[in-house]
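Peer 1: Listed below are the residues making up each chain.
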Amino acid sequence: MTHNLILRVISKFLIPLIILFALYVQFHGDFGPGGGFQAGVIFSSSIILYALVFGLDAAEKIIPTAILRILASLGALIYASVGIASIFSGGNYLNYSVLADTPVAGQHLGILLVELGVGITVSAVMLIIFFSFVGRSRP
Amino acid sequence: MIDIVINIVLLAFLAITAIAIVRMTNLFAIIMLFGIFSFLSAGLFVVMDAVDVAFTEAAVGAGISTVLMIATIALTKVQKEKHTGKHRPWLPLAVVIITGATLVYGTLDIPAFGDPEAPAQKHVAPYYIKQSIPDTGVPNVVTAVLASYRGFDTLGEVVVVFTAGIAVLLLIGGKRTKQSAIKKEREKDDT
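Respectively, the protein sequence lines represent chains B and X. When we follow the numbering used here, the leftmost residue of the first sequence carries the number -19, and every step to the right adds one. When we follow the numbering used here, the leftmost residue of the second sequence carries the number -3, and every step to the right adds one.
Extracted from the complex, chain B is given alone in its bound form (with noise of 0.2 Å):
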């Protein structure tokens, strides 16, 4: 692998910047434009920047192909959980109005919750994704 100085420098710059924008794009999302699908995309997006500086194999050692799989089920489970605690809660499936003391904290509550399960999901899938694809030209 080559030197790529320029590269590594300004990409060490730029990967927490990434990773703080994408969280503030997945806790912001409330008041602003943004939301999970958005934050999950930037965040694997910093991963992907670090692999293709560093090399794939750095890259896993972050984050382990295992621990992506786990992850991308994770935040789909989240997502459905909440439904069930809705319904536990005495509501609808999805209907977040029940699960804290006023239906205003409680809907706060729910897309807070369901976000996060979205996020988590699409970043480890777009990383799993990128990682079987490029991991595929591995010699």
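It is worth saying that the hints were derived from the structure and are not from the lab. Heads up, some of the hints might be wrong.
To be verified - Per label pair, the in silico range of CB-to-CB distance: (1) Ile(-14)(B) x Ala11(X): 49 to 59 Å; (2) His119(X) x Phe(-7)(B): 44 to 54 Å; (3) Ala11(X) x Ser117(B): 26 to 36 Å.
In this text, a Cβ means the ideal position worked out from N, Cα and C, and glycines have one as well.
With chain B's structure known, arrange chain X on it following the hints.
Peer 2: Below, chain X without anything else, positioned relative to chain B:
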């Protein structure tokens, strides 16, 4: 006024990019142009005040799918489109022109952009706009609709993404050690 100028410039660039994509044969350059195409459409969505859609288009269309397509090219090692020379464009051209003309004819019946009397604005949209703050307390109506009013839809979308991940894993996931392992075993059997 400024909106019209921006719209015309963006649409002109979209058309130029599309023509360039059609005329090019270098797949790597085409992928780059696809990214530019997505980014221009994201700009158009911003002009139309659809920031959430623009955000998704910029992140997914211009970002991730460009990377994935480059990864695919690296995998297939095909850099150029093959031209056979026997290709006759007249039938496809006629089909495309007729379909396009029909679609343009269809748009004549569509209500004007942003028309408050349009059927789409009169169905559930007024309820969402009026009730989303008292119901959910979330200022961004798009998030309220996506995550709460239509939570079941979004659950389906997440499952679609999850299924796509599983499909990719099943098709090309995992290490490629199996073939060499099979070979070794065959060699063992031979000896």
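Peer 1: Against this structure, judge whether each hint is valid.
Peer 2: Taking the hints in turn, this is what the structure says about them:
1. Ile(-14)(B) x Ala11(X): 49 to 59 Å: 36 Å, violated
2. His119(X) x Phe(-7)(B): 44 to 54 Å: 48 Å, holds
3. Ala11(X) x Ser117(B): 26 to 36 Å: 35 Å, holds
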